[in-house]
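**Q** Quick mapping for you: the protein sequence lines, in order, are chains A and B. So the first sequence is numbered by numbering that gives the first Met the number 0: it starts at 0 and just counts up by one. So the second sequence is numbered by numbering that gives the first Met the number 0: it starts at 0 and just counts up by one.
Treat the hints with caution; some may be incorrect.
[To be verified] Cβ-to-Cβ under 8 Å is the rule here; a few derived chain A residues that face chain B:
1. A8
2. A14
3. L16
4. Q20
5. A60
6. I64
7. E65
8. L66
9. C91
10. E104
11. K106
12. K107
Note that these hints are calculated values from the structure, not bench results. Glycine included, C-beta positions come from ideal geometry on N, C-alpha and C.
Residue-level listing of the chains:
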Amino acid sequence: MHEASLVMAMGEEIARLAKEQGAKKVLRVVVSFGQWSGIEKEAFCFAFEAFKKDSPLFKEADLEIELIPAVYFCPLCQQEFSPEEAPLCPRCKLPGLPSKGGELEIKKVEFLVED
Amino acid sequence: MCEHCGCEAGLKRKEITLEKNILEQNEHLASKNRKHFDEKGIVAINLISAPGSGKTSLLEATIAQLRDEIPLAVIEGDPETERDAERIRRQGVPVVQVTTGGACHLDAAQVHRAFHQLEKEKFRLLFIENVGNLLCPSAFNLGEHLRVVLVSVPEGSDKPAKYPAAFYKADVFLITKTDLLPYFDFDLDEAKSLALKINPRLRVIALSAKSGQGLEEWCQLLRDLVSG
Numbered sequence: 000m001h002e003a004s005l006v007m008a009m010g011e012e013i014a015r016l017a018k019e020q021g022a023k024k025v026l027r028v029v030v031s032f033g034q035w036s037g038i039e040k041e042a043f044c045f046a047f048e049a050f051k052k053d054s055p056l057f058k059e060a061d062l063e064i065e066l067i068p069a070v071y072f073c074p075l076c077q078q079e080f081s082p083e084e085a086p087l088c089p090r091c092k093l094p095g096l097p098s099k100g101g102e103l104e105i106k107k108v109e110f111l112v113e114d
Numbered sequence: 000m001c002e003h004c005g006c007e008a009g010l011k012r013k014e015i016t017l018e019k020n021i022l023e024q025n026e027h028l029a030s031k032n033r034k035h036f037d038e039k040g041i042v043a044i045n046l047i048s049a050p051g052s053g054k055t056s057l058l059e060a061t062i063a064q065l066r067d068e069i070p071l072a073v074i075e076g077d078p079e080t081e082r083d084a085e086r087i088r089r090q091g092v093p094v095v096q097v098t099t100g101g102a103c104h105l106d107a108a109q110v111h112r113a114f115h116q117l118e119k120e121k122f123r124l125l126f127i128e129n130v131g132n133l134l135c136p137s138a139f140n141l142g143e144h145l146r147v148v149l150v151s152v153p154e155g156s157d158k159p160a161k162y163p164a165a166f167y168k169a170d171v172f173l174i175t176k177t178d179l180l181p182y183f184d185f186d187l188d189e190a191k192s193l194a195l196k197i198n199p200r201l202r203v204i205a206l207s208a209k210s211g212q213g214l215e216e217w218c219q220l221l222r223d224l225v226s227g
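In isolation and in its complexed conformation, chain A is listed as follows (with noise of 0.2 Å):
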């Protein structure tokens, strides 16, 4: 549901990128998305695809959506661990806190500029 306010943080974002490097449209845009971060992916797209339809910067920018997945680190053993189940340490057996998967990222844009 909120998908579509993420679009448009994003698109001001790129917009103001887009300014510092002169560009003149924005062709690719990377973002990546933890495993709990809430986002559904198709919503996601379907705010993108709207967005796009008003903002002429993005009119031919294609979106890439990366996940990632759910990591947990042991406070004990200091180390990170991917869980299968439940997160808990492989080494110690004890429960981790989590350290990635909640992320909202800007990846990478690319941009048609000035030769």
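Given the structure of chain A, go ahead and fit chain B onto it with the hints provided.
**A** Leaving out everything else, chain B in the frame of chain A:
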């Protein structure tokens, strides 16, 4: 760009690696809020749940328990109306209603503005009742010290599995309306273990604002937070 036909002669592709949080602006404002709270010695609590899980009832019961010990204030987030704020105002506690105009979550900027409206009040504990929604508010950091997610007994014990994002970033999981346990197939152990699978550091408390069961454990947690 070619001025005659709009073709791409004289232009090149340029890729930039950003690795930047989409909600960076919100994160920035949230850290300002946090600093603001800390400077004034205020502990802020963000309450997140689906509509009707009992956030406002919990606040009423909590206020009744704590108001003689800890000065409190409340920021109420709703898509429309002042109804929740009126319920809190009746308890004699300073309250600001934020109506989001249909939006599904509170953001750090709204909390910042609401906090300024409370400037003249003296309090140590600030409750921020988010818009009733178990999905969207979890993405928006408000600068709070403690994030609390609520699920009520009628909603079912599999909620944590359906809405993992809300639990992943929370500190406390409150199972509310436990007075209704005899009438629903709600498995307390299931709810607890599903939530802990997503976030093992969650503190889980089962309570009823109506009967008062479990309320003391919640209030003690708040007292401990305020006394630091």
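**Q** Go through the hint on A:E104 and say holds or violated, using the shortest Cβ distance to chain B against 8 Å.
**A** Check passed: Cβ of A:E104 comes within 6 Å of chain B, closer than 8 Å.
**Q** Take the shortest C-beta to C-beta distance between A:A60 and chain B; is it under 8 Å?
**A** This hint is violated: A:A60 lies away from chain B, its Cβ roughly 12 Å from the closest one there, beyond 8 Å.
**Q** Hint validation: A:L16 versus chain B, beta carbon distance must be below 8 Å. Holds or violated?
**A** Hint on A:L16: holds, closest Cβ of chain B at ~7 Å, below 8 Å.
**Q** Is the interface hint for A:K107 satisfied, with its Cβ closer than 8 Å to some Cβ of chain B?
**A** holds (5 Å)
**Q** How about A:Q20: closest beta carbon in chain B under 8 Å, or not?
**A** Check passed: Cβ of A:Q20 comes within 7 Å of chain B, closer than 8 Å.
**Q** Would the stated hint for A:A14 survive a check requiring a Cβ distance to chain B of less than 8 Å?
**A** violated (13 Å)
**Q** Taking the closest Cβ pair, is A:K106 under 8 Å from chain B?
**A** It holds, given that the least Cβ distance between A:K106 and chain B is near 6 Å, below 8 Å.
**Q** Could you check if A:C91 really has its C-beta closer than 8 Å to a C-beta on chain B?
**A** violated (13 Å)
**Q** Regarding the hint that A:A8 lies at the interface with chain B, is the smallest CB-CB distance below 8 Å?
**A** holds (6 Å)
**Q** Does A:E65 meet its interface restraint, that is, does its C-beta lie within less than 8 Å of any C-beta in chain B?
**A** At 12 Å from the nearest chain B Cβ, A:E65 fails the 8 Å test, so the hint is violated.
**Q** Should the hint that A:I64 touches chain B count as held when the rule is a Cβ pair under 8 Å?
**A** violated (12 Å)
**Q** Return the status of the interface hint for A:L66: holds when the least beta-carbon distance to chain B is below 8 Å, violated otherwise.
**A** Violated, because the Cβ-Cβ distance from A:L66 to chain B comes to roughly 13 Å (cut-off 8 Å).
Going down the numbered hints, you'll see the structure goes against 2, 5, 6, 7, 8, 9, while the others check out.
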